[in-house]
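Required output: the full structure, derived from the provided sequences and hints.
Read off the chains here:
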Amino acid sequence: MTQDTPAQPAPGADEASLSEGQYEFGGDENVSIERAGTSATIWAVCAMVGAALLGTLAYVQFTLDNLRGAILVLPLFLICAVAGWLYLGAGRALKEVATTEGNDIELLMGALERLAKAFRNEVIVTAIAVVLFAVLAVATPM
Amino acid sequence: MAQQDAYEFTSRENETIGKAATWALALAGASFIMVIVHLVFAFLGTDFADSAFSLLIFDLGAGVVSASCYLAAGVLFAIAGRALRRVVTTEGNDLKHMSKALDTLHRIFVVRIALVFLTVMAVVAVIVIGEGL
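Quick mapping for you: the protein sequence lines, in order, are chains A and B.
Using the numbering used here, the first residue of the first sequence is number -18, and each one after it goes up by one.
Using the numbering used here, the first residue of the second sequence is number -3, and each one after it goes up by one.
In case anyone wonders, no lab produced these hints; they're calculated from the structure.
The C-beta atom is built at its ideal place from N, Cα and C for all residues, glycine as well.
A couple of the hints might just be wrong.
[Claimed, not checked] Chain B regions said to be covered by chain A (calculated; three or more residues, Cβ under 8 Å):
| hint | stretch |
| --- | --- |
| 1 | 10 to 21 |
| 2 | 91 to 99 |
| 3 | 107 to 115 |
Right, dumping it as structure tokens:
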């Protein structure tokens, strides 16, 4: 069943913490949100470092006249670079939910939008990478 | 009767959450495909006839470890996607489902970070084995 009514306080809810469309997350909820934000940021940094290393590897392969090697590394570079950039934004947005007061729901929705965008781009880039790998494996035998 | 959450997401917020749920489930599917890709590459890409035993174990091991990490990420993405979907389709426990989804997302990122460290260790192992041969 889809919820079609505006935000309503549930029976027994703390009236002081609620207003029209507003909610301030409690301690446990903030811990979950901040933890997800921190790990998303760390993952984003790992992905960006990976992208830098893969980009360097692709360049080295290119200078060694190994075009096949360079092209094989490029999809991985693309996955890491795109994922790193998008998850960095999502991680920051999630941490902002936990560290600020007053617009928690709005900030959480912003973070979820960024996450959805990151997931969507990851699905698309993964599909492109799989196809590219398959094409390269068939077209350029060792 | 179980106590209900203090906040119920609006239809507009549910739309955003639903979108995140859909793409999380799609990413779970993509992760499962990557499991197959890694296993295929591990078995087809290994030269069973001419490789040294240690390299053979390493080639297969790297593929199986990568596939396992993708499998774990796929399962966790499916759990996170389902929790987000439950936020949209149910009433009364929105915040509980949202917390579960966020905790699962945290686990996904931890698995991925672990995969990065395993990859770095594998590269170091390749260099050490290469030097030793």
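Going down the list of hints, with the structure as the test:
1. Counting residues of the stretch 10 to 21 of chain B whose C-beta sits closer than 8 Å to any C-beta of chain A gives 8, which meets the bar of three, so the coverage hint holds.
2. For the stretch 91 to 99 of chain B, the stated coverage by chain A is satisfied: 5 residues place a CB nearer than 8 Å to a CB of that chain, which reaches the threshold of 3.
3. Here the stretch 107 to 115 of chain B counts 3 residues with a CB under 8 Å from a CB of chain A, which clears the bar of 3, and the coverage holds.
Checked against the numbered hints listed earlier, the structure breaks none of them; every hint is satisfied.
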